[in-house]
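For the record, the sequence lines run as chains A and B. The first sequence begins at 1 in our numbering and counts up one residue at a time. The second sequence begins at 1 in our numbering and counts up one residue at a time.
Hints are supplied without guarantee of correctness; some may be wrong.
Examples of chain B residues lying across from chain A (beta carbon under 10 Å, computed) [to be verified]:
1) Thr130
2) Arg133
3) Glu242
FYI, nobody ran anything at the bench for these hints, they're computed from the structure. Ideal Cβ placement from N, Cα and C applies to all residues, glycine included.
Number of protein chains: 2
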Amino acid sequence: MLTNVRSDRVKSVRSLSRRSVRERTGRFVVDGPQGVREAIRYAAARVDDLYVTSAALERHDEIVQAALEAEIRVHETDDAVLEAMSDTESPQGLLAVVAAEAATLDDVLAGSPRLLVLLSHVRDPGNAGTVIRGADAFGADAVLVTEGSVDVLAPKVVRSTVGSIFHLPVVTGLDVEATLGALASHGIRTFAADGVGDTLLPDVDVSRPHAWVMGNEAWGLPVEVRDRCDEVVRVPISERVESLNLAMAATVCLAASSGATRRV
Amino acid sequence: MLTNVRSDRVKSVRSLSRRSVRERTGRFVVDGPQGVREAIRYAAARVDDLYVTSAALERHDEIVQAALEAEIRVHETDDAVLEAMSDTESPQGLLAVVAAEAATLDDVLAGSPRLLVLLSHVRDPGNAGTVIRGADAFGADAVLVTEGSVDVLAPKVVRSTVGSIFHLPVVTGLDVEATLGALASHGIRTFAADGVGDTLLPDVDVSRPHAWVMGNEAWGLPVEVRDRCDEVVRVPISERVESLNLAMAATVCLAASSGATRRV
Numbered sequence: 001m002l003t004n005v006r007s008d009r010v011k012s013v014r015s016l017s018r019r020s021v022r023e024r025t026g027r028f029v030v031d032g033p034q035g036v037r038e039a040i041r042y043a044a045a046r047v048d049d050l051y052v053t054s055a056a057l058e059r060h061d062e063i064v065q066a067a068l069e070a071e072i073r074v075h076e077t078d079d080a081v082l083e084a085m086s087d088t089e090s091p092q093g094l095l096a097v098v099a100a101e102a103a104t105l106d107d108v109l110a111g112s113p114r115l116l117v118l119l120s121h122v123r124d125p126g127n128a129g130t131v132i133r134g135a136d137a138f139g140a141d142a143v144l145v146t147e148g149s150v151d152v153l154a155p156k157v158v159r160s161t162v163g164s165i166f167h168l169p170v171v172t173g174l175d176v177e178a179t180l181g182a183l184a185s186h187g188i189r190t191f192a193a194d195g196v197g198d199t200l201l202p203d204v205d206v207s208r209p210h211a212w213v214m215g216n217e218a219w220g221l222p223v224e225v226r227d228r229c230d231e232v233v234r235v236p237i238s239e240r241v242e243s244l245n246l247a248m249a250a251t252v253c254l255a256a257s258s259g260a261t262r263r264v
Numbered sequence: 001m002l003t004n005v006r007s008d009r010v011k012s013v014r015s016l017s018r019r020s021v022r023e024r025t026g027r028f029v030v031d032g033p034q035g036v037r038e039a040i041r042y043a044a045a046r047v048d049d050l051y052v053t054s055a056a057l058e059r060h061d062e063i064v065q066a067a068l069e070a071e072i073r074v075h076e077t078d079d080a081v082l083e084a085m086s087d088t089e090s091p092q093g094l095l096a097v098v099a100a101e102a103a104t105l106d107d108v109l110a111g112s113p114r115l116l117v118l119l120s121h122v123r124d125p126g127n128a129g130t131v132i133r134g135a136d137a138f139g140a141d142a143v144l145v146t147e148g149s150v151d152v153l154a155p156k157v158v159r160s161t162v163g164s165i166f167h168l169p170v171v172t173g174l175d176v177e178a179t180l181g182a183l184a185s186h187g188i189r190t191f192a193a194d195g196v197g198d199t200l201l202p203d204v205d206v207s208r209p210h211a212w213v214m215g216n217e218a219w220g221l222p223v224e225v226r227d228r229c230d231e232v233v234r235v236p237i238s239e240r241v242e243s244l245n246l247a248m249a250a251t252v253c254l255a256a257s258s259g260a261t262r263r264v
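Sequences and hints are given; from them, build the entire structure.
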């Protein structure tokens, strides 16, 4: 059992809460039973190590068994070690170190995607995570993220995807203009979601391949990005409400695309 | 200008971050320009005091003018005083103390509501605030909150409604069984939103008055509550995703009710 909170191993795992360390090592952390379970189910080959407290070992036996069957190294730790490894105060007893996957836009486009989300300069970890979870729930083929956005492998983002980060490709570091060009050349229509849009969500044709383009939480999408999209789409809301937040708007648009709210 | 961070006034405002103080005094705090602006627009008679830093006084002149026209007491403060009054580290220069409104279920029902949300044992401030914002955006007539839920006048909830808390009645402290009974006797159909539901969201009849019933973040709705609702409704999502979070599910259901995603 690992009991030394000052060990190099603990320091090394804990350092993955820093973006620079994640980028240098190509590793990130997922904690909590749901995220760890999905990592083992969908990305076992990328899981380096699983750290489990004694209590979690008992409580989440099926997760630990799945890890052992996948030949993942499982380490029992005391509570203090797991807490020291995690950036959250209540890491729920399970934490895995996972190798990042280098998904590319070309890979995604080669799969003839029907539904995509492009996040442009999204900064809030909770928003990014919720959009990834929503994209997964509503059957998107991938999430595309521009340069200048939050790191999707940050612990808070990974945590708020509740495992969805392992279900679909998330391509990062994209140039927004080049990405819009690539989508257009592959016949994927682009819908900028923005409160200034002329097209109302119920009028959008979601039957053909399309990508929702979502802007920054505070300033939305720059006009030059909106202008390059095929449509600028507004979710119809009450006049007294200034806007939906990013995660809500993305969720509603994705739900509409998937047929979760209407037969398509 | 108020400059003494240790004054009784500062302590008194700061103490409103505690539920017991809010309940005893019938007052709560709203901070940030959007929330304060909506408080003055929609509930000026309930705003006791407005505190503004010098920078915000210049930047948000139209809000301050509206407050003065409504005969609200406006106090200039230095940055330290405003920070000491607020429970957030970046209160954006504006903070108002507002009297709570005692909305009742009877008042709401007397208005022949067409769309309601009932939150049962919802605990997370961000979720509660986002649902109130979504209810407002999608034209709900009121939000109903059961006993055992987060206090909707807590600073984090108020902040995440971004002013919506002043746009529609929020009735709190309700007994879930009694509320479901009252809704039924007023001809309001009740839809429990739950992943176990037999009815899919696209099949729900949203043309008649109805209430969405949302359960706790972790354990959902107790079976006896689900059984008392007219329908148990599931948002259709990918099989690999265990659930939507509460705020996402509520947003999608409310959007469907409002016709934001389909013509109704």
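Right, here's what the structure says about each hint:
no., hint, result
1, Thr130, "holds (7 Å)"
2, Arg133, "holds (7 Å)"
3, Glu242, "holds (7 Å)"
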